[in-house]
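Participant: Here is what each chain is made of, one letter per residue.
There are 2 protein chains.
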Amino acid sequence: MGQWRNGNKSAGMEMKSGHSKAMIARLSRYLRGLEDHIRQGCETISSRALGEQLGISDAQVRKDFAAFNRLGYAGIGYRCADLIQVIRDTLGINRAWRAAIVGCGNLGQALIGYQGFRQRGFAIEAAFDENPALIGRRLHGLEVLPLRHFAATVRERGIQLAILAVPAEEAQKTGEIIARSGILGILNFAPVNLNLPKSVSVSSVELTIELEQLVFAVVQKQIVE
Amino acid sequence: MGQWRNGNKSAGMEMKSGHSKAMIARLSRYLRGLEDHIRQGCETISSRALGEQLGISDAQVRKDFAAFNRLGYAGIGYRCADLIQVIRDTLGINRAWRAAIVGCGNLGQALIGYQGFRQRGFAIEAAFDENPALIGRRLHGLEVLPLRHFAATVRERGIQLAILAVPAEEAQKTGEIIARSGILGILNFAPVNLNLPKSVSVSSVELTIELEQLVFAVVQKQIVE
Numbered sequence: 028m029g030q031w032r033n034g035n036k037s038a039g040m041e042m043k044s045g046h047s048k049a050m051i052a053r054l055s056r057y058l059r060g061l062e063d064h065i066r067q068g069c070e071t072i073s074s075r076a077l078g079e080q081l082g083i084s085d086a087q088v089r090k091d092f093a094a095f096n097r098l099g100y101a102g103i104g105y106r107c108a109d110l111i112q113v114i115r116d117t118l119g120i121n122r123a124w125r126a127a128i129v130g131c132g133n134l135g136q137a138l139i140g141y142q143g144f145r146q147r148g149f150a151i152e153a154a155f156d157e158n159p160a161l162i163g164r165r166l167h168g169l170e171v172l173p174l175r176h177f178a179a180t181v182r183e184r185g186i187q188l189a190i191l192a193v194p195a196e197e198a199q200k201t202g203e204i205i206a207r208s209g210i211l212g213i214l215n216f217a218p219v220n221l222n223l224p225k226s227v228s229v230s231s232v233e234l235t236i237e238l239e240q241l242v243f244a245v246v247q248k249q250i251v252e
Numbered sequence: 028m029g030q031w032r033n034g035n036k037s038a039g040m041e042m043k044s045g046h047s048k049a050m051i052a053r054l055s056r057y058l059r060g061l062e063d064h065i066r067q068g069c070e071t072i073s074s075r076a077l078g079e080q081l082g083i084s085d086a087q088v089r090k091d092f093a094a095f096n097r098l099g100y101a102g103i104g105y106r107c108a109d110l111i112q113v114i115r116d117t118l119g120i121n122r123a124w125r126a127a128i129v130g131c132g133n134l135g136q137a138l139i140g141y142q143g144f145r146q147r148g149f150a151i152e153a154a155f156d157e158n159p160a161l162i163g164r165r166l167h168g169l170e171v172l173p174l175r176h177f178a179a180t181v182r183e184r185g186i187q188l189a190i191l192a193v194p195a196e197e198a199q200k201t202g203e204i205i206a207r208s209g210i211l212g213i214l215n216f217a218p219v220n221l222n223l224p225k226s227v228s229v230s231s232v233e234l235t236i237e238l239e240q241l242v243f244a245v246v247q248k249q250i251v252e
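Just so you know, the protein sequences line up as chains W and F, in that order. Residue numbers for the first sequence follow my numbering, so the first one is 28 and each next one is one higher. Residue numbers for the second sequence follow my numbering, so the first one is 28 and each next one is one higher.
Just chain W, with the same shape it has in the complex (with noise of 0.2 Å):
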């Protein structure tokens, strides 16, 4: 554990182990909400401005924002580009990264035609099923491979993650064979809690989780009324 650092100090921000998920989809969404204030033509940003244009308290913003501190000018705020270089480099999105779908299932279907990926500087270079029936169609331009070239192609087209989209019944399995192949992540949406060598980062979107929230914020909103 420890404190860490990223990987170029000069830009990005120091932050320790303990921070949290939350904090780090935080700075995705101030990342959001500066290309937006940019694209709308504005160069500078107060960080309440900010915050209120997301939705987000001016309190929590100033807690997030103290390590870019120096960044800032009194009585301007920050410049949108610099925060966003900043965000990028602690992010680790100022690189390319490359993604594979494993399951090509409607689900995966629909993650390889997102476009918010590939905005994001994320591009889905290759589609894996073990259906006979989907080996060797394309979709989107990629055609279905069999899960038994993943490792190698993963290397060949230098793939560091892997988007798990198969049925809960296959995922524990289908894990062990993306984590052998030296794959750095994946991103699990089968409702399962993967079991797998601490060398891969497992992240898992649960979507009756965000269900569950909608319902919590419905259920305070009749309260309040």
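Honestly, I wouldn't trust all of these hints.
Treat identical chains as interchangeable: a pair holds within one or across any two.
Below, computed lysine-lysine pairings styled on DSSO-like, alpha-carbon distance capped at 30 Å [unchecked claim]: (1) 90 / 200; (2) 225 / 200; (3) 248 / 225.
The hints are simulated quantities; they were obtained by calculation from the structure and are not laboratory data.
Chain W is already provided as a structure; the job is to place chain F on it using the hints.
Facilitator: Just chain F now, kept in the frame of chain W:
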């Protein structure tokens, strides 16, 4: 703002409205962990053991569970069934929720078939699209209806939630149609901010942010090693 209570005061947990999305997400995770634990035949659990199972620090679990203290037994911990009850009450998932899918492309079809929703008590009761090639088709037993039938269908079937899986460029317009129908909450998968009346709660699943968080974890691991 100020303080609010959940609907069932005797069972639910009190919170301040400042409590974060991250806290609510942890409650969902505790719930899953507790259910796994019960399935394995264990009736009680300590906050420490639950944290270890889920990779959440002991300090964080104890902080989150401060409001549950009266449910604990010295030297034993908590009865899992008690914690499950109070967390379900707190989240508002102690009753049935009915949802409609809007947008039946690959993502919408994947969500209609997503097992996790039904397992957690969310029922998908209707599916809508504007594409004539999809309208009238049956997807996982649900007939795809045209969007102009949305408000009437929602009333007839007692649907409270909508899951929005349309392309980004149609999300705002479709969100407005949904909001006018009296729906309480929208789970938005389109990578855009929806600008809708405050009467409807909106929660967005940001797939790119999930991928950025994975990249952050990968980069940190490389730095530490």
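Participant: Take the hints in turn and mark each one as holding or not.
Facilitator: Now for the hints, and whether the structure bears them out:
{"no.": "1", "hint": "90 / 200", "verdict": "neither (42 Å within a copy, 36 Å between copies)"}
{"no.": "2", "hint": "225 / 200", "verdict": "within (16 Å within a copy, 44 Å between copies)"}
{"no.": "3", "hint": "248 / 225", "verdict": "between (41 Å within a copy, 10 Å between copies)"}
Hint compliance for this structure: hint 1 is the single one not met.
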